[in-house]
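Dock chain B with the ligand against the given chain A, drawing on the hints supplied.
Below, each chain spelled out in residue letters.
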Amino acid sequence: MSAGTLSAFERSLRRLDVESIRTTPEELDDALASVTLDPVVGAPLPFADCSLPDWVPTDPTPAELDSAKTGVTAAELAIADYGSVVIRATPDATEQVSLFCDRHVAVVRAEDVVPGMPEAFERFAEWTENGDSAIVATGPSATADMGALVKGAHGPKEVYVVVLE
Amino acid sequence: MSSTREEKAARIRHFLATEGDAVAEGTRGFNAGRYDSVEKLDEYEELKERARAIKEDAIERLPELVDQLRESVEANGGTLYVADDADEANRYIREIAEEQGAETLVKSKSMTTEELEVNDELRAAGVDVVETDLGEWVLQLADEAPSHIVAPAIHKSREGIAELFEATFELDEPLETAEELTMFAREKLGERIAEADVGMTGANFIAADSGTLLLVTSEGNARKSVVVPETHVAVAGVEKIVPSVRDFQPFVELIGRSGTGQDITSYVSLLTPPVDSPTVDFDAPDVPMTDRETERDGGSVPSRASDREFHLVLVDNGRMAMREDEQLKETLYCIRCSACANSCGNFQSVGGHVFGGETYSGGIATGWEAGIEGLDVAAEFNDLCTGCSRCVNACPVKIDVPWINTVVRDRLNRGEDGKLDFLVEGLTPDAEPGGLDIGKRFFGNFSTIAKLGSATAPVSNWLAGTRPARRLLAETVGVDPRRDLPSFRRETFRTWFERRGGSEVPPARARREAVVYPDLYTNHVHVERGKAAVKTLEALDVHVVVPDVPSSGRAPLSQGMVSTAERHAHDVYAALAEHIDADRDLVVVEPSDLAMFRREYEKFLAPKSFERLDMHSYEVMEYVYGLLHAGAEPTLLSGADDPGSGDVAAGVAYHSHCQQRTLGLESYTIAVLEDLGYDVVTSETECCGMAGSFGYKSEYYELSMDVGEPIREQFEAADAADRTVVASGTSCLEQLDALLSRPTQHPVELVAPR
Ligand code: SF4
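The listed protein sequences correspond, in order, to chains A and B.
Residues 0 to 164, numbered by numbering that gives the first Met the number 0, are exactly what the first sequence covers, in order.
Residues 0 to 753, numbered by numbering that gives the first Met the number 0, are exactly what the second sequence covers, in order.
These are computed hints drawn from the structure, not numbers from a lab.
Please note that the accuracy of each hint is not assured.
Facing chain A, a subset of chain B residues (Cβ under 10 angstroms, in silico) [as the list claims (entries may be wrong)]:
| id | residue |
| --- | --- |
| 1 | D66 |
| 2 | Q67 |
| 3 | Q99 |
| 4 | V226 |
| 5 | E252 |
Just so you know, these numbers come straight off a predicted model, no measurement behind them.
Just so you know, even glycine gets a beta-carbon here, dropped at the ideal spot from N, CA and C.
With the rest of the complex left out, here is chain A (with noise of 0.2 angstroms):
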C-alpha cells in the first residue's frame, strides 16, 4: 500500500461524512477511547500484533448486542477509491457488531487498503473460494424512502475508521 492510497482512502470517507483516524497498534486503546460510546461491544481482531483493549467485551449476548451503542471490528480490507471498509462474516459475530449499533467502528491496518475494485477482488475471491462470506460497507446504511435521505435505516447511523499504521 502506498501512502498515495491511504490519503485516497482518507479522502473518500470525508466525502462520505465517515471521520478516521491515524493510529498505531500501541496507541489503539486511547485512540478507540475516543471514539466508543457506552455500552460498547466488540469481536475480536484477527491481526497478529494487537488487540481490542480489555474495555471491550468480544462475544455479547443477543442483549448486550441490542443494548450497546458502539460496535468495535476489524475491516480486514478497505477500499480507497470508495471509502468502503470490508467485514467479513466471522463464527465470533463480527458481521453482528459491524450491524445492529448505531455507531460501528472499524479498525484498519494500513497495508489492508487497497486502492480500488479490481484489487479488492482479488481478495474476495480467494476467501469466497473457501465458503467466507464479507460484506463491502460504505459509510453508514441510508435510506431515502421516507422522503428525506436518513442515517441508520436498519444499520448504523455513523461509522468510524481507525486506522493502524
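Coordinates of chain B with the ligand only, in the frame set by chain A:
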C-alpha cells in the same frame, strides 16, 4: 375518442395527478445523479463492455453454469432448487417455511418474489411475511404494488407515509420528519426481524464457481434478515448466475451509479451461505452468541453458524425460453438497475403504475413481461416507449431497450387478427397484417399521407383544420384535436431544389459533394430547414444533390411495423448506394432519420451496406462543424452580429433531440452556433415529450405535455425567455410550438446565409 382511449387517458391523468410529482422528483434526481457519478468513473465505457461480455457469456452457458452452481451450493452445505414456474417456486418455499414451523418470515426486497407473488402463498399457509425494506414495508402496509424496481415506494410522499403510519398504528403523536418516520419503521421492523424464523432475500448476482451471492442494499435489512434467523432462503431468476466472484466486479461498480447515482450503495454483501456468522437468538437474550461448541466438518466450530440452513431457489418462469428467443434474449442481460426507467421522459412523469406490467416497470419491462407473463401483459404499456432511445446509453449492459420494445410491438401487431379498414387501407401500402390497429397504420404510413398532403395543399391543410375532419381523425386514428397538425407545403423541398436548377455550386469548384436527404418532414412540412441546409452547404463550397429517396422507415418502425421499416431500409440503401460510391456525403436534417441510418439499419441491411451508410452519413450541423474545422470560412455563414439578422436574438435556447443526443451529436450544433457568436443555453430535459407520433395520440396528449413541462419552464425562465428557440427534430419543434408562445426553428436556419 373511443372508450378504451378515453379510459386510458383517464387512467394516465389520474396517475399524473396523484403520483406524478413524487415520481418526477425521485427519478429525475436519480438520473441526474447517474450523470454525475459515471462522469467521475474513468473506465465507465470499459466497465460497460466487460459487464456486457460477462452477461453474454453467462447466458450462453447458462445450463452448464446451473449444474456447476448446484455442486458449489451443495458442497457448502446448502440446497439448490430450480423451479420451472411460479407455482413450483412458491410450493417449495412454502414447504421450507412449514418444515421450519415458521411463524414469521422476514424479507429483503426482491423483484423476483414480487413476480412469484410468494407473499400470498405464505400468508395462505399461515406464515406472517414482513417486508423489511422500508419502502417495500410502506407498500405492504398500504397494500400497493411497487412502482419502481429499485425505489418501490418512489410514488409516495412523506406526508402520505406519515398518514399511513398514523392510520395503521393509531399513534398518539403524529410522526412528521423523514428521520422520525425512518426510526419508527426501524424499531418496528427490528422487532419483527428479532422474532423471525426464516429470512428471505433475492440475489443480484450469483457466482457459479463458489455459490456466492451478491446482494446490493443500502439499509442493512438484507444483512439482518440473513444473519438473525437460522434459515435463509434466497430466490433469484436463473439469469442471475455469472461464472465467478471476479465477474461481480464491474457490476459492483456500475449498479448503484446506474440506478440511483450513488457511486456504491452502503452495503454490498458477498455471501457464501450458510454464512459463518452465528445466529442471533433473541429468545435466549442472555446466552452469548458464540456460546455453543458444535461438531461440523469433523472439527469443532465455536458457533451457532452450524445451525444454519440455506436454500437457493432459482426461478425459470419463462427465462430459459427467452434464452432461445433471438430478440428477447438480451432482456436476460438486464441487471435491474432502473437506469432505463429513470432516464425515460414518460416514466419520469407517470412512474411504474402506468409504465409497468404486473411486476416490472420502466423501459426493459416490456421484455420482461413479454417473456414472463406473455404478450398481452406487455401490450398494456408497450405503447409508452416512444423509441426516443435516451435509455440506450444509460444501460450498463448496453441493451438496446427501444429495439426490444419495437420487436414486442411488432409481435403484438401480428398477433391480432381483424378486418381491413377501407379508409386507412388506401393510405397504407404496407406489408403488415390486416388486423393491425388503424392508428398505427395511419402513423406508420405517414409517407403516403405526407405525399398526398403536399399534392393537395393548401386544401389538405384547410381540410385538416376543419372540425369534421378533426373529428374523423380523432375517431379513426386517435389524433388528439388539441394538437396542431403538420402543415403540408404545396411546393416540396425537392421541387424547390429542382425549380432553382439544382446546386449553385458546380461539382468542378466544389470542396465536397453531398446528398441532402429529403426526409418526409423536410420535404413536405419543414421545407425551410431544407432550403437553409442547402444554402449553408453551398456557402461552404459544397455541391449539393437532393435525389428522390424513399422515407427512412422511422414512422412504421415506431409503430412496430418492422417488415415495412425493413423494406424502407433496402429501398433507401438502393437509392443512395450510387451516391456513396461516388463518394458523396449523406447529410441528414431530421435526427430521427439519421438515427435510423446509424442504429436501426444495422438490423436490416447487410453488414457492409450498413457500415457504408453509417460511415457516410452526417447530421447537418455535424457536417457544417466538420467543414468549418477543415478550413471552410465561417464568415460566409450568418453569425450572431450579422447585419440583417433582424429579430433573431443572439441568445439561443437550444433543444437537441433525444436520438441525436444518444448518438452524441448535440455538441456539434452548440459548437457551430458558439463559433458564429451565438450565446447558447441547452435544454436539460431528457425528452420534450413528443417523440414521433406519440404526442398526437389522444390518449397520450396530456402525458406528452406533462413530459414537456420542464423544458417549457426552463425556456420561459427569466434568463431564457428572450432567447431564440431552436430545435433539431421535427417532433421537438412541434412540441415546442405547443409549449411556448414564441416561434421555433431549426439551428441551420440561424446559420444559413441571409
Ligand atoms: S435494461 Fe439496462 S438500464 Fe434497464 S434496468 Fe436493465 S440493466 Fe438497467
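Cross-check of the supplied hints:
1. D66: 18 angstroms, violated
2. Q67: Result: violated, 14 angstroms to nearest chain A Cβ.
3. Q99: 19 angstroms, violated
4. V226: Nearest chain A Cβ about 6 angstroms off; hint holds.
5. E252: Constraint on E252 (chain B) satisfied, holds at 5 angstroms.
The structure shown violates the earlier hints numbered 1, 2, 3.
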